[in-house]
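Engineer: Listed below, chain by chain, are the residues.
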Amino acid sequence: DGGITQSPKYLFRKEGQNVTLSCEQNLNHDAMYWYRQDPGQGLRLIYYSQIVNDFQKGDIAEGYSVSREKKESFPLTVTSAQKNPTAFYLCASSPTRGESQPQHFGDGTRLSIL
Amino acid sequence: GQNIDQPTEMTATEGAIVQINCTYQTSGFNGLFWYQQHAGEAPTFLSYNVLDGLEEKGRFSSFLSRSKGYSYLLLKELQMKDSASYLCAVSGFQKLVFGTGTRLLVSP
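So the sequence lines, in the order shown, correspond to chains A and B.
Numbering (the working numbering) for the first sequence: 1414 to 1527.
Numbering (the working numbering) for the second sequence: 462 to 569.
Please note that the accuracy of each hint is not assured.
If you want a taste of the chain A side facing chain B, the calculated C-beta under 8 Å gives, among others [as the list claims (entries may be wrong)]:
#	residue
1	P1452
2	G1453
3	Q1454
4	Y1461
5	I1464
6	N1466
7	G1471
8	P1498
9	T1509
10	P1515
11	F1518
12	G1519
13	S1525
The hints are simulated quantities; they were obtained by calculation from the structure and are not laboratory data.
Model, not experiment: these values are computed from the prediction.
Beta carbons: idealized from backbone N, C-alpha and C, even for Gly.
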């Protein structure tokens, strides 16, 4: 079955630690996205990538970094510079960069601070 | 800038009809998406409107008025499993901007 796989499902971060969230898709989609969801707030865009080896900052990129070395993979690193990392992180993909394409979401990673 | 408004919470009874409104003010607009999200799960795609009017898909319908910056999602014959958050998202400039979502509680 095609889909988007995020791992791990739950992740704990210590003070001063960088952690990396995995996102893999086998849908052959060109575009991939990372969102952060906090209680009572909508999804906010962290980073997005329209094509391999290229990515752009979203609305809340500070304290995060990404890479897009392969079409299938778009890992997100939450750095120690992100002072409030506790949130639900969602990865999504869409077939092309077209704005009429619905995004397909992974099951999310819930990150907490120890 | 982007501003998208939805009611925070709504309640309805099983078998009833409910309308969830979404108003938006955006600098770029190509279309409007509705997603359903059960607690702790991934959002799933429900509908996409790019032209004015009503799009019907089974028990769910979505309406768009571009001139008024307004959309609604209509859910008919409500079932308990429809208890979820419903997210309105505006598409423009190669990305989606999401509203805060409307939490719908369906009671017996």
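Engineer: It remains to establish, for every hint, whether it holds in the given structure.
Structural biologist: Results for each hint:
1. P1452: 10 Å, violated
2. G1453: Holds, because the Cβ-Cβ distance from G1453 of chain A to chain B comes to roughly 7 Å (cut-off 8 Å).
3. Q1454: 6 Å, holds
4. Y1461: 6 Å, holds
5. I1464: 12 Å, violated
6. N1466: 17 Å, violated
7. G1471: 7 Å, holds
8. P1498: 18 Å, violated
9. T1509: 10 Å, violated
10. P1515: Cβ of P1515 of chain A sits 4 Å from chain B, so the hint holds.
11. F1518: Holds - the Cβ of F1518 of chain A comes within 8 Å of chain B, reaching about 4 Å at its closest.
12. G1519: Hint holds; G1519 of chain A Cβ to chain B Cβ min 6 Å, cut 8 Å.
13. S1525: 14 Å, violated
Hint compliance for this structure: hints 1, 5, 6, 8, 9 and 13 are not met, and every other hint is.
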